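Q: Letter by letter, the chains look like this.
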Amino acid sequence: MTDRMEKRIADVLLYGSVIAALIFFYIPIATLVLFSLTKSRFLSWPIPEFSTRWYGELLADRDFWSSLGNSALLAVLATLFATLLGIGGAFAWTRYKFRFQWGFRILTFAPLLFPQLLLGVVMLLWFSVLAGWLNLSPGLWSAVIGHVIYITPFCIVIISVQMQGYDNTLDYAAEDAGATRWQILREITLPLIWPGIFSAAVFAFLLSWGNFYITYSLSGSTRTLPTFVFSGIAVGSSPIYPALATLTFIPALVLIFAVDRLRKRATRRRLSRIAES
Amino acid sequence: MAEIQKTWRDGALRLSTLPLLLLMGLFFVIPLIMTALLSFQGTQYYRLVWTWDLKVWTDVFSQIHYWTIMWRTLMMALVCTVLCTILAIPIAYGMLHRLSRWSDHITLLMVFAFLTDAVLKTFGWVLFLDRSGVLNGTLEAIGFPPAAVNVLFTPNATMIGMVYNLLPYTIFTIALSMARIDGDLVLAARDAGASRLRAFIEVTLPLAKPGIWAGAVLVFVLSLGVFLEPKVMGGGTSPLAAELIRQSFETRVNWPLGAALTLVLIVIGAAALTVFGAVALWQARRVAHD
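Protein chains in written order, with the numbering used here: chain A, 1 to 277; chain B, 278 to 567.
It cannot be assumed that every hint is accurate.
Incomplete in silico selection of chain B near chain A, CB under 8 Å [stated by the list, open to error]: (1) Lys283; (2) Trp285; (3) Thr294; (4) Tyr370; (5) Ile383; (6) Val396; (7) Val498.
Think of the hints as simulated: they come from the structure by calculation, not from any bench. The structure presented is a predicted model; accordingly, all values stated were derived computationally and were not measured. Even for Gly, the Cβ is constructed at its ideal location relative to N, Cα and C.
Only chain A is shown next, with the shape it has when bound in the complex:
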């Protein structure tokens, strides 16, 4: 085979597979957006007539609003705790060296390697026991704990990546200049790893927002958007779910692009600083 031909084949295969992958990833998403605009009650193709009627129906649905509220509360709490714990975890993972560090790493990484449903089920057993002792029933509080356990490892990994290449001499210089440890943390370390923290927080928020398995196991009778949709489509499909999907895509898109902008700005700033010195 000639080199030219080999390159041709490789090009077709490589361009083709990336484009095919993007199409594959967006098939269900595009389908949902299309069907959200149907006028008909039935979700069949081709769409007979377009309208925004189902958005109105969705916004008039009380269950939707309560699930939206629960999803938001759950995601905010889970993000807060997972990010804070993730910052601590990332320090212990990458910047410190201590006894039993490997044990610490394995323990804090393990939930990521656990099928989510099993994580949820195993925790549910324990929460049911706890709930019996403390006289309360599983609900939003147990879902928050479940999400934090599942999401913190992701935060640790993301923040650790940002910490790679962190220059310790900055800390020493500040210490020599008489800064307290708290000041060093607040004024040097955190600002430098801030892009990592921010992307970890966004990632955590979206993971929690879209989580089905753990919420399904642990939230008791409290419903979030994913479990609201799941119980809805188990009974029969309705065009309000595509409308719901389309509405929830928008904040996620905005968040992801915001993270990207921030990351690029941080990289540019770092590059220009290197150029200056």
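With chain A's structure known, arrange chain B on it following the hints.
A: Chain B alone, transformed into the frame defined by chain A:
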């Protein structure tokens, strides 16, 4: 980067690890121990009885029904892992070496699709593959017979859903390890007369092995626990282990049985992890050695 040596007396180390350790201990380690203990109990009239015997375990090991489902789960997980790995290699490579100018944007698009609510995406697939869905509707419009593609509510649909939801894991891990490969090595191989394909197979692939293994492990373990895809896209006709576990907890209210089945699945996953991990470590050593 120099690491800072710390002892457990150090306040900063305690502050950064103890809350996390406490949380993981209380809500991850204890629940696992609880599950193990629970599998030695029994049930009577839908209530848990503390019997401390092996009844549930003899039940689990004597019922062929459970093992058919476990076997099916294992096979689905293996096929899914192989598919995700093979598909991800050209995608990751193409992203880095053909569409490198756009690779940031492509990554963002993939991250967005990945982070979208899985229930909604799975539902989107149902609408797409349905008898009167987008795919069949379009095919009919261009002259195919009605309902030409009849894949929904079969194990194949489950597989499409699993690959869809898990493929990003392999793409991201493989792309990460491919991005670290020194391009000069490939050029050197080309200079020495290797064809493109040979350079790829003998230089790029071996160097990307850590990422390939890591992605495969993640996908395998995660695919052991799928429940949404078989239920929504597979139509619940051939349930997998997660569904079995859910049923024993919810429908049959037999917690000891559910706990035992959970442990079986955890053991299968852990065994796979150990094997995969050993091979990956060995591979990484060999790469470092070369």
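Q: Are the hints correct? Go through all of them and say.
A: Do the hints match the structure? See the list:
1. Lys283: Since the shortest Cβ distance to chain A is 5 Å, the answer is holds.
2. Trp285: 7 Å, holds
3. Thr294: At about 5 Å, which falls below the 8 Å cut-off, the nearest Cβ of chain A leaves the hint on Thr294(B) intact, so it holds.
4. Tyr370: 6 Å, holds
5. Ile383: For Ile383(B), the interface hint holds, since the closest Cβ of chain A sits about 7 Å away, which is under 8 Å.
6. Val396: 5 Å, holds
7. Val498: 5 Å, holds
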